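Participant: Sequence:
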Amino acid sequence: MTVPNIRIFKCIADLRKFRKDCWIKDLSVGFVPTMGYLHEGHLSLVRQSLEQNDVTLVSIFVNPSQFAPHEDLDAYPRNIERDLQLLESVVSKDRARRVAGVFTPSVREMYPSGIPLETSQQKGAFVSVSGVSEQLEGRARPQFFRGVATVVTKLFNIVEPTNAYFGQKDVQQSIVIKRMVSDLLFNVQIHVVDTVRDKTGLALSSRNSYLSDEVKKQASVLYRSMTGARSLYANNGNLTTGELKSSIEKTIVGENDKFEIDYVAFNYADTLEYVPEDATIDKERECILSLAVRVPNSNTENSGTTRLIDNIVFTK
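In UniProt numbering, the protein residues as written are 1 to 316.
Hints may contain errors.
List of simulated lysine to any residue pairs, SDA-like, C-alpha gap at most 20 angstroms [to be verified]:
hint	residue 1	residue 2
1	316	231
2	10	157
3	17	104
4	316	235
5	10	178
6	217	104
7	216	255
8	178	270
9	258	207
10	216	206
11	10	48
12	250	277
13	216	160
14	178	168
15	217	316
16	10	168
17	20	54
18	245	299
19	10	64
20	250	270
21	283	237
22	123	64
23	217	198
24	93	48
25	250	228
26	283	239
27	20	217
28	217	108
29	10	108
30	217	283
31	178	162
32	217	277
Per label pair, the in silico range of CB-to-CB distance [what the hints assert, rightly or not]:
hint	residue 1	residue 2	range
33	96	254	46 to 54 angstroms
34	24	125	24 to 32 angstroms
35	199	71	28 to 36 angstroms
36	123	198	36 to 44 angstroms
37	119	96	42 to 50 angstroms
38	199	284	29 to 37 angstroms
Please keep in mind that the hints were generated in silico from the structure rather than gathered at the bench.
Since the structure is predicted, the reported quantities are computational estimates derived from the model, not experimental observations.
Ideal Cβ placement from N, Cα and C applies to all residues, glycine included.
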């Protein structure tokens, strides 16, 4: 598979040969790992890489080890031809740089020992990042960050990037990756790029493709509820996180009573320590407000649900 100006790598050995040439030429390499079905959020990461590096590589790989057996691995949206066309269209501001290569490995290439979805049946080497993986998404999806840390470790070992780019929307993932890079002594600089939103405020996500237009519009309440709470806090810094959480929940359910809140949480950015609901936020520490909400795919009966996550930096 080829697209003009973009080289497609399916084999680790071929990508490593390409990377060796970059080393010889003393070229910096930017890397954007994705699971495909790209949107403007992904492309914003690619653009930043193009501006900051001589060479930009992108991976497209739906990573099975971060999915539990009951989750949407098989249904996760995929369209490699569309993704490649989008990547081909992205250029640096001076139009001198484009994406140099896309890594699209098979599951067998990435997991030579196999990868059953039941963690008790998995064999081989895996990476766990203790201390920042157990909260928030880690509490809701216990296998998730083990899978993320494992696949990103593999990708970093293959690509050996100078710089790697992640989105603020997956803020806990960024914190986990930063901790992993620091503790495992990876020679890569991690960059976290602001969340990209549509005109309603809904954070862009590949899973938004599951939603009807009506539900997408209603789901903008997630962002509005968080920014509303931040404004409330700006006017009264003595409010507890429990009081702020109650305001958020009322706003979300008031938009659509079928929206099911998984969690609303306030965590300090450096450790992901939860701020207790009966406490106020320490104004000397950066605090992140995160939430996860299950929304119906449409407002018709039995349409299924999609789990959306979002966050904002609440205080700096």
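Participant: Against this structure, judge whether each hint is valid.
Facilitator: Okay, the hints, checked on the actual structure:
| no. | hint | result |
| --- | --- | --- |
| 1 | 316 <-> 231 | holds, 14 angstroms |
| 2 | 10 <-> 157 | holds, 16 angstroms |
| 3 | 17 <-> 104 | holds, 16 angstroms |
| 4 | 316 <-> 235 | holds, 16 angstroms |
| 5 | 10 <-> 178 | violated, 27 angstroms |
| 6 | 217 <-> 104 | violated, 33 angstroms |
| 7 | 216 <-> 255 | holds, 12 angstroms |
| 8 | 178 <-> 270 | holds, 11 angstroms |
| 9 | 258 <-> 207 | holds, 18 angstroms |
| 10 | 216 <-> 206 | holds, 12 angstroms |
| 11 | 10 <-> 48 | violated, 24 angstroms |
| 12 | 250 <-> 277 | holds, 16 angstroms |
| 13 | 216 <-> 160 | violated, 38 angstroms |
| 14 | 178 <-> 168 | holds, 13 angstroms |
| 15 | 217 <-> 316 | violated, 29 angstroms |
| 16 | 10 <-> 168 | violated, 28 angstroms |
| 17 | 20 <-> 54 | holds, 14 angstroms |
| 18 | 245 <-> 299 | violated, 26 angstroms |
| 19 | 10 <-> 64 | holds, 17 angstroms |
| 20 | 250 <-> 270 | violated, 29 angstroms |
| 21 | 283 <-> 237 | holds, 9 angstroms |
| 22 | 123 <-> 64 | holds, 14 angstroms |
| 23 | 217 <-> 198 | holds, 10 angstroms |
| 24 | 93 <-> 48 | holds, 10 angstroms |
| 25 | 250 <-> 228 | holds, 11 angstroms |
| 26 | 283 <-> 239 | holds, 12 angstroms |
| 27 | 20 <-> 217 | violated, 47 angstroms |
| 28 | 217 <-> 108 | violated, 39 angstroms |
| 29 | 10 <-> 108 | holds, 11 angstroms |
| 30 | 217 <-> 283 | violated, 33 angstroms |
| 31 | 178 <-> 162 | holds, 14 angstroms |
| 32 | 217 <-> 277 | violated, 30 angstroms |
| 33 | 96 <-> 254: 46 to 54 angstroms | holds, 50 angstroms |
| 34 | 24 <-> 125: 24 to 32 angstroms | holds, 30 angstroms |
| 35 | 199 <-> 71: 28 to 36 angstroms | holds, 30 angstroms |
| 36 | 123 <-> 198: 36 to 44 angstroms | holds, 42 angstroms |
| 37 | 119 <-> 96: 42 to 50 angstroms | holds, 45 angstroms |
| 38 | 199 <-> 284: 29 to 37 angstroms | holds, 35 angstroms |
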